[in-house]
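Start from the sequences, fold in the hints, and give me the full structure.
The lines below spell out each chain.
Number of protein chains: 2
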Amino acid sequence: MNKEEISNWFKSLQDEICICLEGLDGSAKFQEDIWERIGGGGGRTRIIQGKNIEKGGVNFSAVHGLLSDNMSKSLDLPSNDFYATGVSIVLHPSNPHVPIIHMNVRYFEAGAGIWWFGGGIDVTPHYVIEDDAKFFHNHIKTVCDAHDYTYYSEHKKWADDYFFIKHRNETRGIGGIFFDKLNQKSKIACFEYVKGVGKAFNDIYTHLYNSNISKSFSEGEKEWQLIRRGRYVEFNLVWDRGTKFGLETDGRTESILMSLPKDAKWFYNHHPDPASEEGKTQSLLKKGIEWIEG
Amino acid sequence: MNKEEISNWFKSLQDEICICLEGLDGSAKFQEDIWERIGGGGGRTRIIQGKNIEKGGVNFSAVHGLLSDNMSKSLDLPSNDFYATGVSIVLHPSNPHVPIIHMNVRYFEAGAGIWWFGGGIDVTPHYVIEDDAKFFHNHIKTVCDAHDYTYYSEHKKWADDYFFIKHRNETRGIGGIFFDKLNQKSKIACFEYVKGVGKAFNDIYTHLYNSNISKSFSEGEKEWQLIRRGRYVEFNLVWDRGTKFGLETDGRTESILMSLPKDAKWFYNHHPDPASEEGKTQSLLKKGIEWIEG
Numbered sequence: 001m002n003k004e005e006i007s008n009w010f011k012s013l014q015d016e017i018c019i020c021l022e023g024l025d026g027s028a029k030f031q032e033d034i035w036e037r038i039g040g041g042g043g044r045t046r047i048i049q050g051k052n053i054e055k056g057g058v059n060f061s062a063v064h065g066l067l068s069d070n071m072s073k074s075l076d077l078p079s080n081d082f083y084a085t086g087v088s089i090v091l092h093p094s095n096p097h098v099p100i101i102h103m104n105v106r107y108f109e110a111g112a113g114i115w116w117f118g119g120g121i122d123v124t125p126h127y128v129i130e131d132d133a134k135f136f137h138n139h140i141k142t143v144c145d146a147h148d149y150t151y152y153s154e155h156k157k158w159a160d161d162y163f164f165i166k167h168r169n170e171t172r173g174i175g176g177i178f179f180d181k182l183n184q185k186s187k188i189a190c191f192e193y194v195k196g197v198g199k200a201f202n203d204i205y206t207h208l209y210n211s212n213i214s215k216s217f218s219e220g221e222k223e224w225q226l227i228r229r230g231r232y233v234e235f236n237l238v239w240d241r242g243t244k245f246g247l248e249t250d251g252r253t254e255s256i257l258m259s260l261p262k263d264a265k266w267f268y269n270h271h272p273d274p275a276s277e278e279g280k281t282q283s284l285l286k287k288g289i290e291w292i293e294g
Numbered sequence: 001m002n003k004e005e006i007s008n009w010f011k012s013l014q015d016e017i018c019i020c021l022e023g024l025d026g027s028a029k030f031q032e033d034i035w036e037r038i039g040g041g042g043g044r045t046r047i048i049q050g051k052n053i054e055k056g057g058v059n060f061s062a063v064h065g066l067l068s069d070n071m072s073k074s075l076d077l078p079s080n081d082f083y084a085t086g087v088s089i090v091l092h093p094s095n096p097h098v099p100i101i102h103m104n105v106r107y108f109e110a111g112a113g114i115w116w117f118g119g120g121i122d123v124t125p126h127y128v129i130e131d132d133a134k135f136f137h138n139h140i141k142t143v144c145d146a147h148d149y150t151y152y153s154e155h156k157k158w159a160d161d162y163f164f165i166k167h168r169n170e171t172r173g174i175g176g177i178f179f180d181k182l183n184q185k186s187k188i189a190c191f192e193y194v195k196g197v198g199k200a201f202n203d204i205y206t207h208l209y210n211s212n213i214s215k216s217f218s219e220g221e222k223e224w225q226l227i228r229r230g231r232y233v234e235f236n237l238v239w240d241r242g243t244k245f246g247l248e249t250d251g252r253t254e255s256i257l258m259s260l261p262k263d264a265k266w267f268y269n270h271h272p273d274p275a276s277e278e279g280k281t282q283s284l285l286k287k288g289i290e291w292i293e294g
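Keeping their order, the protein sequence lines are chains A and B. Taking the numbering used here, the leading residue of the first sequence gets 1, the next gets one more, and so forth. Taking the numbering used here, the leading residue of the second sequence gets 1, the next gets one more, and so forth.
Fair warning: there could be bad hints in the mix.
As the list claims (entries may be wrong) - Estimated spans, in silico, between C-beta atoms of each pair:
1) A:Lys244 to B:Asp161: 12 to 22 Å
2) A:Asn210 to B:Glu223: 29 to 39 Å
3) B:Ile227 to A:Glu192: 56 to 66 Å
4) A:Lys3 to B:Lys244: 28 to 38 Å
5) B:Ser211 to A:Asn8: 37 to 47 Å
6) B:Ile292 to A:Ser283: 48 to 58 Å
7) A:Leu66 to B:Ile114: 33 to 43 Å
8) A:Ser283 to B:Asn269: 47 to 57 Å
9) A:Glu16 to B:Glu36: 39 to 49 Å
10) B:Ser276 to A:Asp33: 31 to 41 Å
Stated by the list, open to error - Simulated pairs of lysine-lysine, DSSO-like, Cα-Cα distance not exceeding 30 Å:
11) B:Lys265 to A:Lys29
12) A:Lys262 to A:Lys222
13) B:Lys262 to A:Lys262
14) A:Lys166 to A:Lys181
15) B:Lys262 to A:Lys286
16) A:Lys265 to A:Lys141
Unchecked claim - Partial chain A-side listing against chain B, Cβ under 10 Å, derived:
17) Ser27
18) Gln31
19) Asp33
20) Ile34
21) Asn169
22) Glu234
23) Gly251
24) Leu257
25) Lys265
26) Tyr268
27) Pro272
Since the hints were made in silico from the structure, they are not lab data. All C-beta atoms in this analysis are idealised placements derived from N, C-alpha and C, irrespective of residue type, glycine included.
Here is the structure:
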């Protein structure tokens, strides 16, 4: 199995997910931008700006070339040539009762036979709904367990630590899984896990979307959504390593920043009433919650 | 002249500016939060959320304690003890024809007699108005020239380089001045320059505000303002060293992030028509424009 086969699988995953999402939104179509990277490779950025999925991106890329010496060193690589391919998704729904979702699956290769997979999927509800959180974590645990019984607990903890807004002392949402430098099994076995994660996306998002899209919402609930989106912006611009790496190394800005919502709000020192639904959600934005019983 | 005198001067500057701004807004009052820093010192955060000055902060702080070894090393200091005091201002007006303004004046002291001043003032118009840009740069040049004829050109270039959104290849606005580690003259002489910059704020902002606050604006102009605010968020969270330093070293998050606007928007791959007013402004967001003739 070579890198082209992996990359082609990611491309087909992008296609499948875009078809599913156009079906869910009901009217909007993805706009595609094909781009090339000066140093080598390129991508297919696909953006949806719909009535229900207000703003989202499903991006594929496969880039290659030479890393800076600093970057090679920080990744502990023996040489500078690299190849990286993957799919990244962020969706911001219009309805505050539908959560924001993010998924990334990726493959990295360097000289001297070095390779690894990485990825993750996490959910950021504006209002945490326990049944949805349990559904999501159960679903993702089933995917993990099909490959290795240690994956869910390890990669769930990694997500809690990674999707954390340190300066707010709160998690971005209800977590999920995150993993990097996955190469401890055969390449085929690692790839099968990554495929499992990628293929789970449509079922997970379809369930979370359909369960909540018909709910009505108040102006206050919309405002809370915009405040939570502000926190999403803070995480992505301040802490997300992929975003920082992309912006600092002249990546394609519009593809990287597709993760930002259409709009966001910041009020000074805003704290919801602990007894309100907003306060309840705020209290659940912490590490280490076990959503799966037993 | 000791650090307490400098700090007290900054406090009185904060008072003067808050009085001026309450007068300009016409109805809103600053809300004050006094806070203490666990490691030593504290501050007076003052926030205005008015009809005309939609969201802004005029913050004073004087903090002291021990820097991390990494931080001392990166600042090339012989010891870890430090003292830092200053005033930081960011104002986001409601009317898109009034510019965003930022000013910071600060003093830093470390062991072994080390000290320096820093600061800057820069203007971010949503619509660049040439007369306003010329007024601002002329005014600030007059302040600079009263202290040293090299300051304006040097500190103007520094501002162009500092207030630059690298991943967008555009400046944050029309620049101004920026300087750091100013200690090449006597402490009194350096402080007099910093005082001059601080005292210029009220005249500069009053002029820019009064020239534009009565202008009517369209929905399209309001939307463009929100897009420009999005870029302001990007600069502050991705590139601004003060913000990054504060968030990474457990500063008071709400005081640091007072710089964020009440709301902001992001559209995928948005480019204004080059022939429009928005396009004209976009074309002026570049380094090296000389606003002062002759």
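Cross-check of the supplied hints:
1. Here the CB-CB span from A:Lys244 to B:Asp161 is close to 20 Å, well matched to the stated 12 to 22 Å.
2. Distance hint check: the CB atoms of A:Asn210 and B:Glu223 are about 32 Å apart, consistent with the given range 29 to 39 Å.
3. A hinted range of 56 to 66 Å for the beta carbons of B:Ile227 and A:Glu192 is inconsistent with their spacing of about 43 Å.
4. Range check, A:Lys3 to B:Lys244: Cβ separation about 35 Å, and the 28 to 38 Å hint holds.
5. The supplied range of 37 to 47 Å is broken by B:Ser211 and A:Asn8, whose beta-carbon atoms lie about 59 Å from each other.
6. B:Ile292 and A:Ser283 have their C-beta atoms about 55 Å apart, which keeps the hinted 48 to 58 Å range intact.
7. Checking the proposed 33 to 43 Å range against A:Leu66 and B:Ile114 shows it holds: the Cβ atoms sit about 41 Å from each other.
8. The given range of 47 to 57 Å is broken by A:Ser283 and B:Asn269, whose C-beta atoms sit roughly 38 Å from each other.
9. At about 55 Å, the CB distance of A:Glu16 to B:Glu36 disagrees with the hint of 39 to 49 Å.
10. In this structure the hint that B:Ser276 and A:Asp33 lie 31 to 41 Å apart at CB is violated, the actual value being about 23 Å.
11. A C-alpha spacing of about 21 Å is found between B:Lys265 and A:Lys29, which places the hinted pair at or below 30 Å, so the restraint holds.
12. Between A:Lys262 and A:Lys222 the CA atoms are separated by roughly 13 Å; this keeps the pair inside 30 Å, and the hint holds.
13. Proximity of B:Lys262 to A:Lys262 is assessed by CA-CA distance (about 14 Å); at most 30 Å being required, the pair is judged to hold.
14. Taken as a hint, the A:Lys166 and A:Lys181 pair is honoured in the structure, with Cα atoms around 23 Å apart against an allowance of 30 Å.
15. Annotation: proposed proximity of B:Lys262 to A:Lys286 holds, straight-line Cα distance about 26 Å (limit 30 Å).
16. Between A:Lys265 and A:Lys141, the direct Cα distance comes to roughly 34 Å. Violation of the 30 Å bound is thereby established for this hinted pair.
17. Interface restraint check for A:Ser27: the shortest CB-CB distance to chain B comes to about 17 Å, outside 10 Å, so the restraint is violated.
18. Of the supplied interface hints, the one on A:Gln31 holds, with its beta-carbon coming within about 8 Å of a beta-carbon of chain B, less than 10 Å.
19. Using the Cβ-Cβ criterion of 10 Å, the hint placing A:Asp33 at the interface with chain B is satisfied: the shortest such distance is roughly 7 Å.
20. The restraint placing A:Ile34 at the interface with chain B is violated, with a minimum CB-CB distance near 13 Å, outside the 10 Å limit.
21. Checking A:Asn169 against chain B: minimum C-beta separation of about 9 Å stays under 10 Å; hint holds.
22. Below 10 Å, beta-carbon pairs count as interface contacts, and A:Glu234 has one with chain B at about 6 Å; its hint therefore holds.
23. Nearest Cβ of chain B to the Cβ of A:Gly251: about 8 Å, under the 10 Å cut. The hint holds.
24. Below 10 Å, beta-carbon pairs count as interface contacts, and A:Leu257 has one with chain B at about 7 Å; its hint therefore holds.
25. For A:Lys265, the interface hint holds, since its Cβ comes within 10 Å of a Cβ in chain B; the closest pair sits about 5 Å apart.
26. About 5 Å separates the beta-carbon of A:Tyr268 from the nearest beta-carbon of chain B, less than 10 Å, and the hint is met.
27. Taking 10 Å as the C-beta cut-off, the interface hint given for A:Pro272 is violated, the closest approach to chain B being about 15 Å.
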